[in-house]
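Numbering (UniProt numbering), first residue to last: 1 to 249.
This list has only true hints and no planted wrong ones.
In silico DSS-like links for lysine-lysine, alpha-carbon gap of 30 Å or less:
(1) K76 to K18
(2) K76 to K35
(3) K18 to K35
(4) K108 to K69
(5) K18 to K69
(6) K69 to K35
(7) K108 to K35
Label pairs and their calculated CB-CB ranges:
(8) G14 to G208: 31 to 39 Å
(9) E164 to R54: 50 to 58 Å
(10) H213 to K108: 15 to 23 Å
(11) G14 to S112: 55 to 63 Å
(12) D38 to V207: 24 to 32 Å
(13) T32 to D102: 17 to 25 Å
(14) N165 to Q5: 48 to 56 Å
(15) R58 to P182: 45 to 53 Å
(16) E164 to R223: 19 to 27 Å
(17) T32 to S116: 51 to 59 Å
(18) V65 to T240: 22 to 30 Å
(19) A200 to V178: 31 to 39 Å
Keep in mind that the hints were calculated from the coordinates and are not lab data. No experiment lies behind these values; they were computed from the predicted model shown. We treat Cβ as the ideally placed atom computed from N, Cα and C, and that holds for glycine.
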Amino acid sequence: MSAVQLPARTITDGPVPKHAQLHDILEELCRTTLKPGDILPGERLLEETYGVSRITVRRAIGDLVAAGKLRRVRGKGTFVAPNPLVSRLHLASFSDEMGAQDVTASSKILTSGRSSAPEDAALFFDTPAQTEHIHLRRLRLGDGEPYSIDDGWYNSTFAPGLLENDTYNSVYAILDSVFDVPITDADQTVSAISADTDTAPLLDVPVGTPLLHIVRYSRSGDRPVEWCSSVYRTDRYRLTTRVARENSI
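Let's have the full structure, built from the sequences with the hints guiding it.
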């Protein structure tokens, strides 16, 4: 990568703290000059260019990391973070949502097999407690970066040979084309949780980082097909929806 042209701005003493002024400069740089994955100019160059201390530089960068605009890679530097995936709360697979925003989706399979489903999933499937269903837990990646962990259970009545297919890609496409059980509707619950010692290293975030938690109950017509508990990095995934006011009485 060629040398980056830093914004020609002057940081001055005044009511706005210097780290906040530098924060705005770096945010402008990320927005107008750099693209996701580009490395940020080094701390020394920022110090010399804007006449500020190392503490000021690190505070400004740290605030942008906390906001999800930058990410640090130990031993390599600080990089512009990927743009967050925006979901409009419509029914679509992760692969479809990624593709719609020109992001390449991929997966790492963490668990693949058959076993008794969690109580919530078994109740949704309306099967006896000890019935074995298909368990597929995957780390979902966008352009090679971790976005989410999907812990999915699939009703073995309707897709008994699911794991014999390419589950690195869209399971919804397999359910539709191979088993003729296209996902037609779903109920979702959304909450916030914290990354624990299991999810934090997989998502490359510190333990305690806020995560978005979505539980989906998916059907094909009146057939309960999928129960999936997913956690998302909040700096890489956002939910948006449009609401309308109901007619008042």
